[in-house]
Amino acid sequence: MIQVMLWMPVAVGLLCFAAPRRAVPILAVAGSAAVLGLAIAVVAGFDTAEPGLQQTVNESWIPDLGVRYQLGVDGISLFLLSLTAVLWTAATVFSALRTPERRRIYFFMLGLGETAALGAFLAQDLLLFVLFFDLMLVPFWFLIGAFGGENRIAATTKMIVYTLVGSLLMLVAAIATAILASDQVGHLSFSLADLSAHTVSTSSQYWIFCFFAAAFLIKMPAVLVHGWLPDAYKAAPLPVLVLLSGVLSKVGAYGFLRVALPLFPQAVVHFQELILVIGVGGILYGSIMAFTQTNVRLIAGYSSIAQLGFITIGIFSLRPDGADGAVLQMVNHGLVVGAIFLVVALLWERTGTEDLVRLGGMAFRAPVLAALFLIVTLATLAMPGSANFIGEFYILIGVFQSKIVYSFVAAIGVVLAAFYAIRLFQRSMHNRKPDGIASSELSLRDVAVLAPLVACIVGLALYPGLILGRSDAAVKDKIAATCPRLPAGKPQPGWTGYAPIPVPDRCSSGHPEISVIK
Amino acid sequence: MSATTYGWLVLAFPLAGFLINAFGWRVLPGRAAGWIGTAAIGLAFLNAIGALVMVLDKPVAGRELTSTLWTYASAAGLDIKVNILVDPLSVFMILIVSGVSTLIHLYSVAYLDSDRGYARYFAYLNFFVFSMLLLVLAGNFVLLIVGWAFVGFASYALISFWYRRNTATKAGMKAFVINVIGDVGLVFAAFFIFRELGSFDYLTVFHAAPQHFATNQGVVIAICLLLLVGAFAKSAQLPLHTWLPDAMEGPTPVSALIHAATMVTAGVYLIGRTYPFFELAPTAADISAFIGLATLLFAATCALAVTDLKRIIAYSTISQIGYMVVGVSIGAYAAGFFHLMSHAFFKALLFMSAGSVISAMAGTQDIDRMGGLRRAMPFTAVVMTIGALALAGFPGTAGFFSKDEILAFAAHRGGFYWIFTVGGYIGALLTAFYAFRIIFRVFWGEPVAEASELEHGHLAHSEPENPMTGETEDTDVGFPGQEHHIAERDRPMWLAMAALAFLSIFGGVLQIPGLDDVIDKFLHGSFLDSTLYERFPSIAADWEGLAVGGTVALIGIAAAYRVYVARPGTSAALIRRFRAIHTFLVNRWYFDQLYDAVVYRPTIAVGRFANDVVERVVVQGIVVVVVDVVRGVGVVVRGAQSGFVRAYALLLIGGFAALGLYFLIVSS
Numbered sequence: 346m347i348q349v350m351l352w353m354p355v356a357v358g359l360l361c362f363a364a365p366r367r368a369v370p371i372l373a374v375a376g377s378a379a380v381l382g383l384a385i386a387v388v389a390g391f392d393t394a395e396p397g398l399q400q401t402v403n404e405s406w407i408p409d410l411g412v413r414y415q416l417g418v419d420g421i422s423l424f425l426l427s428l429t430a431v432l433w434t435a436a437t438v439f440s441a442l443r444t445p446e447r448r449r450i451y452f453f454m455l456g457l458g459e460t461a462a463l464g465a466f467l468a469q470d471l472l473l474f475v476l477f478f479d480l481m482l483v484p485f486w487f488l489i490g491a492f493g494g495e496n497r498i499a500a501t502t503k504m505i506v507y508t509l510v511g512s513l514l515m516l517v518a519a520i521a522t523a524i525l526a527s528d529q530v531g532h533l534s535f536s537l538a539d540l541s542a543h544t545v546s547t548s549s550q551y552w553i554f555c556f557f558a559a560a561f562l563i564k565m566p567a568v569l570v571h572g573w574l575p576d577a578y579k580a581a582p583l584p585v586l587v588l589l590s591g592v593l594s595k596v597g598a599y600g601f602l603r604v605a606l607p608l609f610p611q612a613v614v615h616f617q618e619l620i621l622v623i624g625v626g627g628i629l630y631g632s633i634m635a636f637t638q639t640n641v642r643l644i645a646g647y648s649s650i651a652q653l654g655f656i657t658i659g660i661f662s663l664r665p666d667g668a669d670g671a672v673l674q675m676v677n678h679g680l681v682v683g684a685i686f687l688v689v690a691l692l693w694e695r696t697g698t699e700d701l702v703r704l705g706g707m708a709f710r711a712p713v714l715a716a717l718f719l720i721v722t723l724a725t726l727a728m729p730g731s732a733n734f735i736g737e738f739y740i741l742i743g744v745f746q747s748k749i750v751y752s753f754v755a756a757i758g759v760v761l762a763a764f765y766a767i768r769l770f771q772r773s774m775h776n777r778k779p780d781g782i783a784s785s786e787l788s789l790r791d792v793a794v795l796a797p798l799v800a801c802i803v804g805l806a807l808y809p810g811l812i813l814g815r816s817d818a819a820v821k822d823k824i825a826a827t828c829p830r831l832p833a834g835k836p837q838p839g840w841t842g843y844a845p846i847p848v849p850d851r852c853s854s855g856h857p858e859i860s861v862i863k
Numbered sequence: 175m176s177a178t179t180y181g182w183l184v185l186a187f188p189l190a191g192f193l194i195n196a197f198g199w200r201v202l203p204g205r206a207a208g209w210i211g212t213a214a215i216g217l218a219f220l221n222a223i224g225a226l227v228m229v230l231d232k233p234v235a236g237r238e239l240t241s242t243l244w245t246y247a248s249a250a251g252l253d254i255k256v257n258i259l260v261d262p263l264s265v266f267m268i269l270i271v272s273g274v275s276t277l278i279h280l281y282s283v284a285y286l287d288s289d290r291g292y293a294r295y296f297a298y299l300n301f302f303v304f305s306m307l308l309l310v311l312a313g314n315f316v317l318l319i320v321g322w323a324f325v326g327f328a329s330y331a332l333i334s335f336w337y338r339r340n341t342a343t344k345a346g347m348k349a350f351v352i353n354v355i356g357d358v359g360l361v362f363a364a365f366f367i368f369r370e371l372g373s374f375d376y377l378t379v380f381h382a383a384p385q386h387f388a389t390n391q392g393v394v395i396a397i398c399l400l401l402l403v404g405a406f407a408k409s410a411q412l413p414l415h416t417w418l419p420d421a422m423e424g425p426t427p428v429s430a431l432i433h434a435a436t437m438v439t440a441g442v443y444l445i446g447r448t449y450p451f452f453e454l455a456p457t458a459a460d461i462s463a464f465i466g467l468a469t470l471l472f473a474a475t476c477a478l479a480v481t482d483l484k485r486i487i488a489y490s491t492i493s494q495i496g497y498m499v500v501g502v503s504i505g506a507y508a509a510g511f512f513h514l515m516s517h518a519f520f521k522a523l524l525f526m527s528a529g530s531v532i533s534a535m536a537g538t539q540d541i542d543r544m545g546g547l548r549r550a551m552p553f554t555a556v557v558m559t560i561g562a563l564a565l566a567g568f569p570g571t572a573g574f575f576s577k578d579e580i581l582a583f584a585a586h587r588g589g590f591y592w593i594f595t596v597g598g599y600i601g602a603l604l605t606a607f608y609a610f611r612i613i614f615r616v617f618w619g620e621p622v623a624e625a626s627e628l629e630h631g632h633l634a635h636s637e638p639e640n641p642m643t644g645e646t647e648d649t650d651v652g653f654p655g656q657e658h659h660i661a662e663r664d665r666p667m668w669l670a671m672a673a674l675a676f677l678s679i680f681g682g683v684l685q686i687p688g689l690d691d692v693i694d695k696f697l698h699g700s701f702l703d704s705t706l707y708e709r710f711p712s713i714a715a716d717w718e719g720l721a722v723g724g725t726v727a728l729i730g731i732a733a734a735y736r737v738y739v740a741r742p743g744t745s746a747a748l749i750r751r752f753r754a755i756h757t758f759l760v761n762r763w764y765f766d767q768l769y770d771a772v773v774y775r776p777t778i779a780v781g782r783f784a785n786d787v788v789e790r791v792v793v794q795g796i797v798v799v800v801v802d803v804v805r806g807v808g809v810v811v812r813g814a815q816s817g818f819v820r821a822y823a824l825l826l827i828g829g830f831a832a833l834g835l836y837f838l839i840v841s842s
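Protein chains in written order, with this note's numbering: chain A, 346 to 863; chain B, 175 to 842.
These aren't lab readings, by the way, just hints derived from the structure by calculation. Hints may be right or wrong, so weigh each one.
[As the list claims (entries may be wrong)] Examples of chain A residues toward chain B, derived with CB under 8 Å: (1) L569; (2) V622; (3) D669; (4) M728; (5) P729; (6) F745; (7) N776; (8) D780; (9) P809.
The structure displayed is predicted, hence computed values, not measured ones. Where is the CB? At the ideal position from N, CA and C, for every residue including glycine.
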């Protein structure tokens with residue numbers, strides 16, 4: 346099933362070249378909807394208790410190099426696949442209703458992008474992951490470079506320079522890992538299972554981890570390596586931006602969980618504080634930048650930096666609660682940021698501007714748009730009651746119990762988020778409507794795209810346990826990899842049993858019973 | 175049905191009302207939205223009575239009932255459920271919240287009649303009450319935080335209800351952000367509690383706390399102080415009070431709702447609810463009490479000088495909440511909650527009367543421009559005076575019994591707690607004075623033009639304008655409606671105010687020292703482990719306190735009479751004489767300016783710095799260098815930038831294709 350899901354988008358994209366011009370959008374929508382259906386089926390068939398991979402595919406691909414075509418789903422990637430399918434469907438439907446120029450190549454590139462993103466989430470072989478990771482960029486360069494707005498060439502160049510650096514570092518690191526580990530494994534293997542069972546020596550881990558981290562952080566992007574973000578966000582077509590910000594940024598964070606934690610456990614513990622500093626820095630910097638901007642896209646863009654900062658520190662709390670929150674927050678953020686960019690697109694269609702200074706008063710004639718946007722805004726600022734709050738709550742309690750100081754600093758980001766999110770909402774929807782802009786209610790085709798996304802946000806708000814319950818087992822498994830391995834014979838303070846040490850630390854399960862302390 | 179079933183129904187009805195109004199805004203005719211909203215809250219009140227009956231049925235020691243609906247978000251050892259706790263305290267709160275809210279809804283049915291956002295208004299209003307009920311019924315800290323934030327959001331939505339006013343949207347933002355600060359405080363309190371005790375569940379935590387903590391252990395104090403951050407942000411205590419006066423931008427019934435039934439009392443409830451922590455951390459409790467005292471005095475002085483009718487009442491709320499905070503912090507739980515109840519009655523009444531007066535004045539809120547409305551609107555004059563008497567603590571009214579009981583408890587507790595008694599009486603003197611400043615300025619004196627017009631049966635009318643900026647406004651959605659409504663002419667308003675006037679006078683009989691101690695006895699079920707609860711002053715001491723309080727109130731009222739009625743020029747003379755103090759008070763001790771200079775401007779400056787320096791120079795600077803290098807390379811290989819993009823993309827695609835081909839060949 347996951348094989349079909351993985352290759353269907355690109356197949357449909359190819360089919361677009363053969364189909365008659367008018368049928369292309371319909372075909373693309375049908376293709377993305379089918380993928381969505383498969384993604385839902387994968388969720389439905391998921392075994393919650395199983396921490397390992399499910400629905401695995403394991404074929405030899407390039408035996409000489411030890412590269413295998415290995416796919417699989419676990420609790421971490423499960424909902425990221427769904428998120429990918431949901432946002433791609435939304436973006437495809439949104440684009441199809443507007444029938445862009447050069448539609449064949451456009452929808453083909455969308456399909457290729459979806460396959461690449463799904464592939465990155467599914468790959469269980471390090472080299473396969475790297476390939477999908479890089480393949481993902483190709484369609485986006487095309488989509489931004491060919492369909493973007495002003496300055497698109499400069500923006501794509503910048504994006505290439507940044508991501509190329511990351512990609513190359515990652516490729517080198519991946520090959521190095523496989524070669525260094527080949528002594529222990531016995532043969533050259535890129536399989537994540539092999540590599541995590543036989544981690545390389547601590548000193549090698551350090552530099553390899555740094556290479557991977559650079560690639561992931563650029564992809565997210567984290568603060569100080571986000572130089573490509575403002576231009577790319579300003580230039581990208583909005584449906585593409587939904588995907589760029591909603592899905593692609595998550596691949597970086599996902600990479601930490603999938604690759605860095607199991608493969609480089611000592612390095613992860615070693616660099617924990619460094620990454621926490623980068624994450625917290627991203628939270629503060631992104632939030633502060635978000636409320637000085639007046640361009641709506643950049644507000645959402647910088648808020649993404651802040652949100653990915655939260656996700657990063659959640660993972661690097663190196664506790665299951667923090668990492669669970671990070672997984673949940675990846676999905677949440679994808680949904681809300683996707684919805685925000687769709688709203689921005691609708692605002693643009695109505696007013697011809699993306700500048701807050703020239704916006705305002707939209708709620709007057711478009712109350713439904715305002716109401717939907719309000720829900721999205723509240724989710725963005727992680728208001729308690731939303732799934733985003735539960736995500737941040739888990740992240741912060743993880744960091745709180747792991748490195749308490751960072752949680753307090755990160756909390757400033759929570760307050761700032763309230764400020765910039767409400768500001769974004771008010772300045773576009775409330776106050777008086779400036780002269781010269783039109784305000785009109787959502788049409789049915791807009792509702793068809795926006796309402797399902799908002800429904801997802803509300804649904805998750807009512808039951809975030811849907812994701813947490815399924816990610817928990819796999820996340821604990823990944824976090825356990827970073828715990829010191831006790832010599833055999835002694836009972837391991839693991840995730841299944843009761844913690845023998847009364848002091849709660851990162852590697853004991855949950856919390857000691859209260860009754861113990863008298 | 176069990177008490178918890180009633181508890182769930184109490185939540186279900188306002189939520190249903192909210193959903194009906196939210197989705198039916200386009201189709202609901204006339205006042206339908208208003209009546210649906212009122213009915214929803216009314217039904218919640220009936221179910222609250224049901225819960226009361228069921229709780230009373232149980233023995234005193236077994237009145238804490240919980241019920242879980244679904245597991246909300248449990249993973250990694252955190253157990254977060256949607257569960258409620260129905261105990262005497264929460265039942266007491268839901269009765270007040272739903273009861274007073276019903277009357278406020280009823281009042282709004284008429285008051286907001288001509289507003290084009292009628293259904294939206296009632297949707298928000300129902301959501302507000304739902305949030306508050308969720309807050310008081312929540313059975314664990316996470317659900318409490320959810321209700322807590324919902325209340326904050328609902329207040330934001332209603333404060334900026336007239337969203338085309340810049341002042342309203344700004345005030346909404348301020349309320350929201352300050353409330354989020356409070357939320358963060360609560361979240362971290364919950365983190366500490368979880369770290370120490372391993373649960374978010376109220377009953378588990380409260381039972382475990384006394385065994386786990388030593389008295390005044392650092393971490394308990396930390397928990398309490400973080401809880402106080404939440405409580406003070408919501409209850410508008412120093413230094414997080416600045417949002418509340420600005421919250422007057424909302425429609426007047428909203429002010430009644432925020433000040434009387436919902437929201438600002440949440441902080442008092444929180445301190446009472448988490449009393450096991452505060453009794454383990456007496457230092458934190460004392461800090462809380464002193465802040466309450468400071469707030470009550472500070473706000474009372476502001477109320478002396480401010481001239482905006484609604485803002486005077488707003489400062490009076492801050493001041494009265496100060497009394498409650500003092501009460502629950504020093505251990506006078508029953509008295510604190512008793513005052514919460516009587517305050518809900520007379521404060522809702524005062525705001526409703528103010529709404530009626532403002533309508534009669536065609537939107538004017540400045541008491542300097544009011545006067546002599548006594549004959550024009552006799553009903554409003556009578557009930558507002560009743561409200562002012564209760565606020566001032568006039569002997570026999572509800573406010574008299576409740577406020578003075580807190581002060582008597584403080585006197586009885588010994589140690590330095592007499593400070594609260596003395597400070598409380600000083601506050602009471604100021605309260606009586608400013609309460610009757612309102613009455614005498616608005617209803618006595620020479621009738622202003624609007625008043626004499628109204629006496630001839632004509633309700634003044636002027637084009638709606640923003641009372642803060644004087645901008646004119648149209649009456650389409652997002653601005654106040656065209657028509658004005660006064661209690662004398664609209665039955666629902668009249669009814670709501672009459673009911674509250676009755677309660678403001680006779681609400682005190684619930685707890686007359688020596689006669690009946692209904693609230694004391696009832697709330698005891700929630701404070702069984704308290705060491706302070708039973709330390710009531712003797713009946714004689716209570717009556718002594720009441721006598722002092724009554725005298726103070728009479729002195730204050732007499733002083734106001736002398737200044738504003740007997741010798742009308744006195745006030746102006748005093749202002750001239752003490753100009754510096756007056757300016758200081760009119761500017762509300764310059765708190766807003768202080769925050770502007772210390773918090774807001776620096777934050778914006780940091781943002782500018784980040785934008786202009788860090789982003790432009792550091793981040794983009796690196797990029798420019800790199801891009802130049804690449805451009806150089808590009809020139810060397812004779813590829814334009816776009817060519818470079820295409821080349822690399824094609825290379826990757828080609829590479830993939832080649833790999834795929836290789837794979838096909840190898841595997842075949």
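Going down the list of hints, with the structure as the test:
| no. | hint | in the structure |
| --- | --- | --- |
| 1 | L569 | 7 Å, holds |
| 2 | V622 | 16 Å, violated |
| 3 | D669 | 5 Å, holds |
| 4 | M728 | 5 Å, holds |
| 5 | P729 | 4 Å, holds |
| 6 | F745 | 5 Å, holds |
| 7 | N776 | 6 Å, holds |
| 8 | D780 | 14 Å, violated |
| 9 | P809 | 4 Å, holds |
Hint compliance for this structure: hints 2, 8 are not met, and every other hint is.
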